[in-house]
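Chains as they are written, first to last, in my numbering: chain A, 1 to 84; chain B, 1 to 619.
What the hints contain is simulated information worked out from the structure, not anything from laboratory work. Among these hints, one or two may not hold up.
Straight-line distance between alpha carbons at most 30 Å, and here's what the computed DSS-like set of lysine-lysine pairs gives [stated by the list, open to error]:
#: 1; chain 1: B; residue 1: K92; chain 2: B; residue 2: K48
#: 2; chain 1: B; residue 1: K543; chain 2: B; residue 2: K582
#: 3; chain 1: B; residue 1: K582; chain 2: B; residue 2: K338
#: 4; chain 1: B; residue 1: K140; chain 2: A; residue 2: K83
#: 5; chain 1: B; residue 1: K510; chain 2: A; residue 2: K67
#: 6; chain 1: B; residue 1: K327; chain 2: A; residue 2: K83
#: 7; chain 1: B; residue 1: K22; chain 2: B; residue 2: K425
#: 8; chain 1: A; residue 1: K83; chain 2: B; residue 2: K518
#: 9; chain 1: B; residue 1: K543; chain 2: A; residue 2: K83
#: 10; chain 1: B; residue 1: K338; chain 2: B; residue 2: K327
#: 11; chain 1: B; residue 1: K138; chain 2: B; residue 2: K511
#: 12; chain 1: A; residue 1: K67; chain 2: A; residue 2: K83
#: 13; chain 1: B; residue 1: K48; chain 2: B; residue 2: K138
#: 14; chain 1: B; residue 1: K425; chain 2: B; residue 2: K338
#: 15; chain 1: B; residue 1: K511; chain 2: B; residue 2: K140
#: 16; chain 1: B; residue 1: K429; chain 2: B; residue 2: K26
#: 17; chain 1: B; residue 1: K92; chain 2: B; residue 2: K518
#: 18; chain 1: B; residue 1: K327; chain 2: A; residue 2: K67
#: 19; chain 1: B; residue 1: K138; chain 2: A; residue 2: K83
#: 20; chain 1: B; residue 1: K429; chain 2: B; residue 2: K138
#: 21; chain 1: B; residue 1: K138; chain 2: B; residue 2: K582
#: 22; chain 1: B; residue 1: K511; chain 2: A; residue 2: K83
#: 23; chain 1: B; residue 1: K27; chain 2: B; residue 2: K425
#: 24; chain 1: B; residue 1: K138; chain 2: B; residue 2: K327
Here are some chain A residues pointing at chain B (derived, C-beta under 10 Å) [claimed, not checked]:
#: 25; residue: E6
#: 26; residue: H9
#: 27; residue: G12
#: 28; residue: V24
#: 29; residue: F30
#: 30; residue: Q45
#: 31; residue: P48
#: 32; residue: F50
#: 33; residue: I53
#: 34; residue: G58
#: 35; residue: S66
#: 36; residue: Y80
#: 37; residue: Y81
Beyond 12 Å from chain A on every Cβ pair, some chain B residues (computed) [unchecked claim]:
#: 38; residue: L264
#: 39; residue: W382
#: 40; residue: Q475
All C-beta atoms in this analysis are idealised placements derived from N, C-alpha and C, irrespective of residue type, glycine included.
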Amino acid sequence: MGIKLEQRHLFGILCVCLAASILVDVLVKFHGQAEAQAHTAFLWQTIPGFSAIYGFVGCVLIIVVSKALGHLWLQREEDYYEKH
Amino acid sequence: MIEWVHPGLIFILGALLIPVLKGRWKKIYLLLLPIAALIDLLYMSTSKGVFWRIPLLGYELVFGRVDQLSLVFGYVFTIAAFCMTLYALHVKEDGQHVSAFLYVGSTLGVVFAGDLFTLYLFWEVMAFSSLFLIWYRKTKASSEAGFRYIMVHIFGGICLLAGIILHVQNTGSIAFNSFNWGTGWGYLPSYLIFLGFIINAAVPPLHAWLADAYPEATITGAVFLTAFTTKSAIYVLIRGFSGVEILIWLGAIMAVYGVIYAVLENDIRRLLAYHIISQVGYMVCGVGIGTWMAIDGSIAHAFCHILYKALLFMGAGVVIEMTGRSKFTELGGLYKYKYMPLTFWLYMIGAFSISGFPLFNGFVSKTMVVEASAMAELPIVWLLLEGASIGTFLHTGLKVPYLTWFGRRDKDKEPVVESKTEVVKEPPKNMFVAMGITAFLCVFIGVYPQALYGILPYPANYNPYTVSHIIAMSQLLLFTFVAFWLLRGMLHGTPTITLDTDWFYRVWGKKFIWFCEKPLISFADSIDEKVRRIADSFVWFSKNPPVASRIMMLTVSTVFLRPFNPNPLYTRYANDLEELRKLYPAEVHRLAIGSGVLLVLMFFILYLIIYLTYGVLWV
Numbered sequence: 001m002g003i004k005l006e007q008r009h010l011f012g013i014l015c016v017c018l019a020a021s022i023l024v025d026v027l028v029k030f031h032g033q034a035e036a037q038a039h040t041a042f043l044w045q046t047i048p049g050f051s052a053i054y055g056f057v058g059c060v061l062i063i064v065v066s067k068a069l070g071h072l073w074l075q076r077e078e079d080y081y082e083k084h
Numbered sequence: 001m002i003e004w005v006h007p008g009l010i011f012i013l014g015a016l017l018i019p020v021l022k023g024r025w026k027k028i029y030l031l032l033l034p035i036a037a038l039i040d041l042l043y044m045s046t047s048k049g050v051f052w053r054i055p056l057l058g059y060e061l062v063f064g065r066v067d068q069l070s071l072v073f074g075y076v077f078t079i080a081a082f083c084m085t086l087y088a089l090h091v092k093e094d095g096q097h098v099s100a101f102l103y104v105g106s107t108l109g110v111v112f113a114g115d116l117f118t119l120y121l122f123w124e125v126m127a128f129s130s131l132f133l134i135w136y137r138k139t140k141a142s143s144e145a146g147f148r149y150i151m152v153h154i155f156g157g158i159c160l161l162a163g164i165i166l167h168v169q170n171t172g173s174i175a176f177n178s179f180n181w182g183t184g185w186g187y188l189p190s191y192l193i194f195l196g197f198i199i200n201a202a203v204p205p206l207h208a209w210l211a212d213a214y215p216e217a218t219i220t221g222a223v224f225l226t227a228f229t230t231k232s233a234i235y236v237l238i239r240g241f242s243g244v245e246i247l248i249w250l251g252a253i254m255a256v257y258g259v260i261y262a263v264l265e266n267d268i269r270r271l272l273a274y275h276i277i278s279q280v281g282y283m284v285c286g287v288g289i290g291t292w293m294a295i296d297g298s299i300a301h302a303f304c305h306i307l308y309k310a311l312l313f314m315g316a317g318v319v320i321e322m323t324g325r326s327k328f329t330e331l332g333g334l335y336k337y338k339y340m341p342l343t344f345w346l347y348m349i350g351a352f353s354i355s356g357f358p359l360f361n362g363f364v365s366k367t368m369v370v371e372a373s374a375m376a377e378l379p380i381v382w383l384l385l386e387g388a389s390i391g392t393f394l395h396t397g398l399k400v401p402y403l404t405w406f407g408r409r410d411k412d413k414e415p416v417v418e419s420k421t422e423v424v425k426e427p428p429k430n431m432f433v434a435m436g437i438t439a440f441l442c443v444f445i446g447v448y449p450q451a452l453y454g455i456l457p458y459p460a461n462y463n464p465y466t467v468s469h470i471i472a473m474s475q476l477l478l479f480t481f482v483a484f485w486l487l488r489g490m491l492h493g494t495p496t497i498t499l500d501t502d503w504f505y506r507v508w509g510k511k512f513i514w515f516c517e518k519p520l521i522s523f524a525d526s527i528d529e530k531v532r533r534i535a536d537s538f539v540w541f542s543k544n545p546p547v548a549s550r551i552m553m554l555t556v557s558t559v560f561l562r563p564f565n566p567n568p569l570y571t572r573y574a575n576d577l578e579e580l581r582k583l584y585p586a587e588v589h590r591l592a593i594g595s596g597v598l599l600v601l602m603f604f605i606l607y608l609i610i611y612l613t614y615g616v617l618w619v
């Protein structure tokens, strides 16, 4: 096709997607408020952008907590079981 | 009369012919067997019921319990077996194919088993046949991991057997249906059977065998391993323990546990193995919730998981086949080599599926279980399961491709695979065809979920493609990507291993063996020694009893007289003792034969007197 996707193009597409996912959510939630409430079981599902925040924070938490667990406790050198 | 055979039998008996065929005919035969089994299943689906009953010892064995639940598992196992066999078509060693087919066949046996004895029989065959898929790798690590694998599975099998025996004693029937569940010793049979099942389902803390053994298996064998043991365990859990509440929590914790361990993993297949544990957590959780939607969700998730996990392991397998390496510290920058882009994209279809991208099969199955938890009003469970999704995408969709196919951004680390000539091995093409078919199935089910929903046992009034689901999932995945990109420096592989619950039996097991070999054996040896000494002293005594008794008397006397030293009696005794000991065994005093005869005669006369006077003079 001849279109070269440079890094800044990709970055731009990413930002558009991120923004779109939140905007569409806001629109949907405020447009059909009543039916949205009926479908959801939990309170937080009515907040627009909840999954975005949960995704971001969750990812950070998983990485940080797991790395901490590894460094402080669980990780050993590769021949640990031969030596012990 | 039924015209069809048990599909497991097709695989098990078919396996026997594999060594006989050669070359192209063998390959055609290998592919035909799963197809034949699938056609067989389609015939079986037309008439549900209970077949192939065999009376045994007063009980009735049921080999063919055909209903929608067992059929759906039968379908996915057979379809997967076809793809995996195609993936393994290039393997020359017949034993690997035979083991794989025995494994598949016994799994089908478990799925259609209607009674507990049949279940147990096939359960054990599964364990042993899968063991060989690990051992065929023929490395030191794989033989050790295989031993640990089979030890754990033998333990699980014994628990299962104990539970079955107690259950049969209590209820008198060997039918395999829902087990009673409650608290108290009366439910011990159920607990034991439950324990046997959850070991195979790799529920923590009894899960370490999976992450320990699967990465050490052969490249093609590991693909087989991912599907059958854990998913048949889900099937039996659905049959026997659906709705048991503890499974909800075990499942939710499992889902997160696998994800946390996967962050720390350096080996590509071990990371994927922890993700098996994570995804099976969703299924276990669904079984625990027990509603129709939840059970359907578990089954759908099992169906999809078999396909995409096989695809992921196939992709990783191609990487290992081509480079000979499986650790992230040794991989990177592979994208530019021939066949790697193809592998990458096929792998990514599996990664998108497992992460639950819309249009891929994970989205239509995983969200069902999550929705079931919402409907059952379990907020913590919902959060845990969604959280596990984040981690799943992070690892399989982002970390693995990043560290495997794309180079590390730090310029000071030289690219790990140096020259074109290092990636020497051209991978067999059948691997890619297999991956392609599996990928197609993943996308097909994702785009047309009704194909899967139609064969689920309970009516699934679930539409995954609602606006709110798509938005929620898109947000989750996009923002996870953002977080990954910002923190990607923290995710590089480290040359370490992570301790898991197998630490207990690996370290304490070694200590126990040391205890048996050193302290226990030296204790046994010392007892042996003492007994031997006592026996030796009897032998010494018997050589010359009169002299020996004199020696003993002298020894006693000298001991008594020693405090009174100097004493002429003592010194005389002591000297005599020394002499006697030196001369021992001295000449045995011989009696003339007449004296011997006289002694015997006297003994008999004495006996005669006692006999005659018995009852008269004394009683």
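Each hint, compared with the structure:
As the CA atoms of K92(B) and K48(B) are separated by approximately 39 Å, the hinted pair breaks the 30 Å bound. A distance of roughly 14 Å separates the Cα atoms of K543(B) and K582(B); the hinted pair therefore holds under the 30 Å criterion. For the hint linking K582(B) to K338(B), the alpha-carbon distance of about 90 Å lies beyond 30 Å, and the restraint is violated. For the hint linking K140(B) to K83(A), the alpha-carbon distance of about 15 Å falls within 30 Å, and the restraint holds.
Distance restraint check for K510(B) and K67(A): the Cα-Cα separation of roughly 29 Å lies within the 30 Å cut-off, and the hinted pair is therefore satisfied. Restraint check: the Cα-Cα separation between K327(B) and K83(A) comes to about 21 Å, which is no more than 30 Å; the hinted pair holds. Proposed proximity of K22(B) and K425(B) is supported: the alpha carbons are some 24 Å apart, at most 30 Å. Distance restraint check for K83(A) and K518(B): the Cα-Cα separation of roughly 18 Å lies within the 30 Å cut-off, and the hinted pair is therefore satisfied.
At most 30 Å may separate the alpha-carbon atoms for a hinted pair to count; K543(B) and K83(A) exceed this at roughly 55 Å. The straight-line distance between the Cα atoms of K338(B) and K327(B) is roughly 20 Å, inside the 30 Å bound, and the hint therefore holds. Only pairs whose Cα atoms come within 30 Å are accepted, and K138(B) paired with K511(B) is accepted, the gap being roughly 26 Å. At most 30 Å may separate the alpha-carbon atoms for a hinted pair to count; K67(A) and K83(A) meet this at roughly 24 Å.
A hinted pair counts as satisfied when its Cα atoms are at most 30 Å apart, and K48(B) with K138(B) does not qualify at roughly 43 Å. About 11 Å separates the Cα atoms of K425(B) and K338(B), which keeps this hinted pair within 30 Å; it holds. Distance restraint check for K511(B) and K140(B): the Cα-Cα separation of roughly 21 Å lies within the 30 Å cut-off, and the hinted pair is therefore satisfied. As the CA atoms of K429(B) and K26(B) are separated by approximately 17 Å, the hinted pair is consistent with the 30 Å bound.
For the proposed pair K92(B) and K518(B), the alpha carbon gap of about 45 Å is over 30 Å, so the pair is violated. With a C-alpha separation of about 18 Å, the suggested pair K327(B) and K67(A) falls inside the 30 Å cut-off, and the hint holds. Only pairs whose Cα atoms come within 30 Å are accepted, and K138(B) paired with K83(A) is accepted, the gap being roughly 22 Å. In summary, the hint linking K429(B) to K138(B) is supported, as the alpha carbons are separated by about 24 Å, within the 30 Å threshold.
Among the hinted pairs, K138(B) with K582(B) is inconsistent with the structure: their alpha-carbon atoms are about 64 Å apart, more than 30 Å. Annotation: proposed proximity of K511(B) to K83(A) holds, straight-line Cα distance about 12 Å (limit 30 Å). Restraint check for K27(B) and K425(B): the C-alpha separation of about 22 Å stays at or below 30 Å, so the hint holds. A distance of roughly 19 Å separates the Cα atoms of K138(B) and K327(B); the hinted pair therefore holds under the 30 Å criterion.
Below 10 Å, beta-carbon pairs count as interface contacts, and E6(A) has none with chain B, the closest being about 16 Å; its hint is therefore violated. At its closest, the beta carbon of H9(A) sits 16 Å from a beta carbon of chain B; the interface hint therefore is violated under the 10 Å criterion. At about 14 Å, the closest approach between the beta carbon of G12(A) and any beta carbon in chain B exceeds 10 Å, and the interface hint on this residue is violated. With 10 Å as the threshold, the beta carbon of V24(A) comes within range of chain B, its nearest partner Cβ sitting at about 6 Å, so the hint holds.
Hint status for F30(A) relative to chain B: violated, with the closest Cβ pair at about 13 Å, above 10 Å. For Q45(A), the suggested interface contact is upheld, since its CB lies about 8 Å from the closest CB of chain B, less than 10 Å. About 9 Å separates the beta-carbon of P48(A) from the nearest beta-carbon of chain B, less than 10 Å, and the hint is met. Given hint, F50(A) at the interface with chain B, holds; its Cβ is 8 Å from that chain's nearest Cβ, closer than 10 Å.
Interface hint at I53(A): satisfied, since its Cβ lies 7 Å from the closest Cβ of chain B, which is below the 10 Å cut-off. With 10 Å as the threshold, the beta carbon of G58(A) comes within range of chain B, its nearest partner Cβ sitting at about 4 Å, so the hint holds. The beta carbon of S66(A) comes within 4 Å of a beta carbon in chain B, closer than 10 Å, and the hint placing it at the interface holds. Interface restraint check: Y80(A) against chain B, minimum CB-CB distance 6 Å, threshold 10 Å, status holds.
Hint status for Y81(A) relative to chain B: holds, with the closest Cβ pair at about 6 Å, below 10 Å. With a least beta-carbon separation of about 4 Å from chain A, L264(B) fails to lie farther than 12 Å from that chain, contradicting its non-interface assignment. Not every beta carbon of chain A lies more than 12 Å from that of W382(B), the smallest distance being close to 7 Å; the non-interface claim is violated. Annotated as non-interface, Q475(B) brings its C-beta within 12 Å of a C-beta of chain A; the closest such distance is 4 Å.
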